[in-house]
Every structure is written in C-alpha cells, then in structure tokens.
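Asker: We have chain S already, so just place chain U on it with the hints.
Chains as they are written, first to last, in this note's numbering: chain S, 19 to 461; chain U, 1390 to 1809.
Read the hints as simulated data drawn from the structure, not as lab findings.
Please read these numbers as outputs of a predicted model, since none were measured by experiment.
Incorrect hints may appear among the rest.
[What the hints assert, rightly or not] What follows is a set of in silico ranges between Cβ atoms, one per label pair, in the way DEER data are often shown:
1. U:Ser1464 with S:Leu446: 46 to 56 Å
2. S:Pro258 with U:Glu1759: 50 to 60 Å
3. U:Arg1420 with S:Thr205: 45 to 55 Å
4. U:Ser1464 with S:Asp254: 20 to 30 Å
5. U:Asp1771 with S:Ala206: 28 to 38 Å
6. U:Arg1676 with S:Ser177: 55 to 65 Å
7. S:Arg58 with U:Leu1610: 23 to 33 Å
8. U:Leu1678 with S:Thr205: 21 to 31 Å
9. U:Arg1420 with S:Ala206: 26 to 36 Å
10. S:Leu418 with U:Tyr1760: 34 to 44 Å
11. S:Pro88 with U:Leu1657: 27 to 37 Å
12. U:Arg1420 with S:Arg448: 30 to 40 Å
13. U:Arg1673 with S:Ala206: 32 to 42 Å
14. S:Leu217 with U:Arg1673: 32 to 42 Å
Using N, Cα and C, we set each Cβ at its ideal position, and we do this for glycine too.
Listed below, chain by chain, are the residues.
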Amino acid sequence: MTSEFSFADIDWNQAVWTIAAAALSGSACALLGCYLVLRRMSLLGDAISHAILPGIAVAFWYGGTTAALPMFLGAVAVGLLTAVLTETLRSAAGVAEDAAMGVVFTSLFALGVVMIARLSAGQVDLDPDCVLYGRIEFVLNNSMIWRGYEIPVAMLPLSATLAATALFVALCWKELKIASFDPALATAMGLSAGVVHYLLMGMVAVASVAAFDSIGSVIVVAMLIVPGAAAHLLTDRLGPMLAWAAAIACVSAVLGYFAALYYNTVVAGMMAVVLGAEFALAALLAPRHGLISRAWHQLNLTLRIVSEDVIAALYRAEETSAALAPGAPQRDAGIAWAACSRLAGGGLTGWLALRRLLACGDVEAENRSLRLTEQGRHAAQSLVRSHRLWEAYLGEHFNLPLDHLHEPAERVEHYIGPKLQERLASELARPGVDPHGKEIPPS
Amino acid sequence: MIAYNTAVVLAGASLLGASTGLVGGFAVLRRRALLGDALAHAALPGVCLAFLVLDRRNLPAMLLGALVTGILGVSLLVGMRRATRVKEDAAIGIVLSVFFGAGLALSRIIQNRASGGSRAGLDSYIFGSAATMRLAELGLIAAVAAVCLAIVFVLYKEFKLVAFDMGFARVQGWPAGRLDLLLMGLIAVTVVIGLPAVGAVLVAAMLILPATAARFWTERLGKLLVISAVLGAATAAAGTLISAQFDGLPTGPTIVLVGAAAFLFSALFALRRGAVARVLAHLRFKRRLQDQRLLRAIFEAVEADLPERPVVTAAELAARAELSPAALHRAAAAGWLSAERGGYRLSEAGLARAASVMRGYRLWRLFLHEYADQHGAFGELDVEAVDERLPADLVATLEERLAAEGTLPHAAGPFARTSR
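Okay, chain S solo, but in the shape it has when bound:
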C-alpha cells in the first residue's frame, strides 16, 4: 500500500527484538490459552487481561514505572480478583456466568482507563492508547548491553514469564490435563479442580501482565484465545496442540510485524489480524476438523450412499424382471441413465455418483442405460441382503407395521458390514425371506 516500503529500509535490529518480544509473550499466552479453550473459559482469559488494568495503574501511581515488581504483583492480584469475583457473583448472587464476567471485567477495565486518563493528565508516560496498542514498537528504547549486544530490558521479564509458564505446564501436566478434560474425575481423584483453576488463572494473569506492557491488551486477548482455538482444530492431542499454539503465536509475531511495516500501522493490530488469518486457514484446511476436509468427507459419504442406492435399485430391477420373465437373461434389466441420476439425487451429485460407479466398474453403460457388472451385482447383493436382514430384524423385535420397515432399513443398510450381517442372520435363525416376502439374497 505504501510505495516507500522496501526490505532494504528495515531496521533488522529493531525487527528482531520486536518480533522476539512479541513471540515470547505471545507463546506464553498461547500455551495457557490452550487450557482456556479446552476448559471453555476463553472469555475469563479475556476478562482477566482487561481487568488487570487498574492493578497496573495503581502500581504505576506508586512505582512510576511499568516494569517494577509491585506493578506486577498488583496486576496479578486484580486478575485473580476477576476470577474470584465472577465466581462469587455467579454462585452467591445468582448472576448468569457471562453477565457476571461482563460486569466484573468492564467495570475493572473502565476503572483502569479512568485512572490512567487521570494519570496521563499529569505527565505520566502511560495513556489509554498504549493500553490498547502496547509499546512494542519502542521495545528497544530501554535496553541494556550484554556481552556487546544491545538487548531490550523487556526481554528479561518476558523470557522469565515464558519459562515460568512452560515450567507450570510441565510440572502440572497431568493435573491440568485431568482438570481440563474431566473436572469431575479430577475432584474424585482428590485433586482440587478449584486449586488448579485458580493456579491457571493466576498464570493467565501473570502472562497477561507481562505481555500487556509490551504488546498491549488487544493482542493479549488475541494471543490467549486464537492460537489455542486454531491448534484445537489442527490436532486432538494435548502435546501437539500446545506446540501448534506456540508456533501459531510465533508466526503471527513475524508476519504481523512485517505486515505492520508494509501498511505502516500498529504492530499489535496487525498481529491480531494475522492471527485471525491463521485461524481462518486452520478452520479451512485442518486435516480432520477443517471445513474443507469435513466437506470432502461429507461429499464422499453422500456419493457412497447414493451410488449404493443406485446399484441396489439396479439389483431390484433385475430381480423383478427375473420374476416376470423367468429365464430371460439378466442383462436386459438395465435402468435409463436419467432415471439412475434421479435415483442418485440428480444434478451434480447424481452425475458424480454415476461417474464414480462407472469408474470403479460396478456398472456399465449401454444404450443410455446402466446395468450391473458382475462386481457391482455382488456389491448390490450384499447391500440388499443388509437391507432385508434389517427389515427382518425390525419386524421380529420391534413390532412395527410392515410399511414402517423400509425407511429405517434404507438408512441403516449402508452401515451394515459382513460381520453384522452374519450376526443378524444367526440371530434370526437364517431367515429366507424378509417380512415383505422378498428373498434375502445369500452373502
């Protein structure tokens, strides 16, 4: 968008340190965020990261700096207070959970903004804007020299936070896992879900406060929730999920930084946008839970079912013609292409299903009509066997009127394999015909 942008102009020192700061704080948030997403408490993370503001403001008032320990502890305390107050409002005052959370964090955030606005009126270096954006662009403004390298002071608390988070996750791996997936089991095993909950919320507050100073509140919320949610789409295992989340956070730090340079805008905002794009990609492309993969599986299932319906119809047509004209060759009993396509749902689905049947050699086309090949006849026979066995089973055990048997069997036939066929057959003492009097074909 900006014509002046070129890679040659990039201040790489600035770039590396800014990205490093964002990646460190982002991964800490992302790791904890996985548990928030799994426990369906993402919004408590959101609430905590908003509510720490008054704590930061108070500490700032006294300490005059945003990096001191008192600020840190104050903000963490307020963050924990959010979790406690929400729970209190919910359990003691009967306020619905989302409303309770909304009340607590908007009030605390408003308090924080007002305090900071009053502070910034009196020349203090903290204003409502940097609450949102953070000051990641200025991470190098306050740096120290270590072994000849210029290192931003902020790297210290950020790496300490990430280390503490990783340690917390590693040490409480089992406990967090049980409490996340089955709180009742955790309690039954003598593990207080409440303690784990508040420990986690405490860590969320710590990571939020640490990240807040460098990257601002918007991105803290994004880093807490988006990587975890995206990772949850990508995998079903907790370990890989954590790794994915951290990786997603780091990628957003890198891409977000350069995107912000390119469009000449806020780094924190662009990182959030990149996170959104990464989430969209995950939602589309994830191997099992992605939209495309789901749609693909759905399509395959649909095609399988409709093409099975077609060959079953062809089989029944053969049966009928054999009954009407015994001795006539079965090959005459074809069905017109158009009728088959209609059977298969018509339109694109029908066309695809018929093409698929032709391609795998279950049917062959002759004179604009289709008929079964030997292979197709075999498959169809098994299907019709499933159908009629199921009808017989329903008729035997469920006392249904005759005209109520076909519908369920039509659905279930696609899911009955040889094993279940065998069990049904032996359960029914190998019936020869279904309740309608139709012959059940042999397997």
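Answerer: Leaving out everything else, chain U in the frame of chain S:
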C-alpha cells in the same frame, strides 16, 4: 440553566442509556451479554472502512459501516460455532480480538494518511466522547430509542416467550428464529449508535450493567425492563455529567463506572435478592430453626405429663438438643417459656407453638420415611410449613398414622383426638 451543548449531550446519553438498558434486559436473559461485546469490538473496522471509502467523517456512513462489520462478526461467530468444533466462548474471543485488532490497524493507517484532525474523530469510537455529540447524533439516538421502545412494546409477549423458553415458543408456532434475530438486530443497532459516545471497548457494559443490576430488584420481566431502562438512563446521564466536569476523563469508562456503582449498590442492598437481604434472611431462617429445635426438645421433655407443664431442667434440655442461650432468651422474650427455679416452664402459648412444631416434625419425618424418594422434590423444610408443602389428604393420612401410634403431638396431651 444548563448550556445548550450540555443539554444535547445529556439528552443523548440518557436516551442511549435507556435504549441499551431496555434491550440489555433481553440480551442478559438470552445470555447474549458477551455477544454484544464481540459485536461492539467488531464494529470498529467498519467505522474505519467507511471513513477510508468516503475519505471524510460522515456519521451515518460510519455507523452503517459499524453495523455491517458488527453483524459480519456476529455471523462469523455463529457460523464458526455451528460449522467447526470451536465453542461459543472461543468464537466470541476470536471475533472480538481479531476484528478489533484490524480496526486499530485501520485507524492507524487513516491517521498516517489524513491530517491529524480526522484521527480524533476515530479515537472517540474506541473510548467514546459524548462531549462532542451534535444535534444530528441526538436525533439518531432518539429515533433508535423510539424504534426500540415501539418494537419491544408491540412484541413484548413474543420476546418474553423467546427470552425464557425458545423451545416452547417454537412449539407454539411462533417464528422463534426470526424473533430471536430481530432481538439480535435490536442489540446490534443500540450497540452501534452507542459507539461514538461510549466507545467500542465498553459499550457492551451498558447492555450488561443496568440489566444485571435490575435483576436484583425484581423477578418480573416487565418491571425488569423498566428498571433497567431507567437505571441505564440515569447512570449514563450521571456519567456524562461527571466526565464533563473533569479534564481528560473519557465518557465511556465514566458511564461504566457509575453503572458499576449502581450494580454494586443493587447487589448489596436490593430488597429481596441483595446480599444484605440474603444474609439477613439466612440469619432469620437459622434462628427460626434454633427456636424450633428448642421447642421440640422442651415438648419432648414434658410430653408424657401433658396437659401439665412441669419445669424442665437445663440439663434435661441439654441432653435433648444443643442449647443456645440466645434461643432461650428469644423464647423467654416471646413468652413461650419462663425461667423458673431449676429450669424452664412452657407457657400456654409456648405449648401450643411447641405442639405445632412437633406435629410438623413428626409428620415430616414420617413422610420422608414412607416416601424417601420424594426428598429431593421438597428440599430443606421448615417443619412448620408442612401443611403448605404436602397435599392436605396426605397430611391427614399421616396424622392418622401418628394418632394410631399415639405420637401425634397435641397441647392437650398424647391421647387427645385432634380437632382436624
């Protein structure tokens, strides 16, 4: 005499507070409180985009943009929840943070392009500034407030049904989905017109705070909506006035703080559901149980001698129940018993009450014994409420059983027939 500008701002803020309060009542009941928050955050990029397209400030266009991206955000949220394994909470968080981040990025791009003055306009959409409200904006707010009121008035019954029992509404043949959508639309519109005055970050609080506070004062939807709207208007007006008094105090957060104060007051001091009232009610209940325990103990001690009322020694009482001096004092003060040498003696009135307590206790005990599976249905029972809780014919049957055992308490003595 209020200055013209202040009057405009006050009127605008109050009307806004009233409509968010009104709509917020439904939002909170439908568990949509945080959806409103996501919507407000998602509205920010729309404001910026409208500005980028027109290249100048234009209130209706910016609000329209806000409405468009706000609704887009909520639709994505709903789609995400339906089509992927992402749960509602994460979906809200994702929409909220990503859209808001995009809004911030866009607003900085605008700031870098245009002259400095135009940025101040965008800033007000983040934290709000009611002080710059003009007559046109007031007109818009008034119109939206009127439309909201009219819709809620006309569709009150339908909304009520949808808010409390969506499934029932559907079964009854109401277009529940469309009504719900209309409700969501009302939420979206009120949130969006609140943006310039209160800001995207906190406008959702105006939906949540008055309604949640009002919930402490009433159990009826109609009253809840009225209280919520009035509370919304009052807190918005007060917040606006306060923020106008102090330099650099953003309006949105100030309104929210006043609302939070109102919430806190309601949560503590509401007549029946407030914390103080609850604690008092709990104490009263505990005291009542203590009194009953004392009367039961003393009745059991004298039961065999009825209708005589001999003195019961403290030791005898203590053997039957944990004695609390406070309960003894209360009972003496109420005239149920008198302290006499060596112990306590039931009075005439005390005996009547004690017999009634004992009767309730034994009926209840028998009932639980016979119908143990019903326990959960009745919960904790004040034994004197047994006639209110159990059907009369059942009570009569149980009484007959007690009378047959000779344990039906009566002031006149164990073997007297009851008059019931």
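Asker: Among all the numbered hints in the text so far, which are the ones the structure does not match?
Answerer: 3, 12
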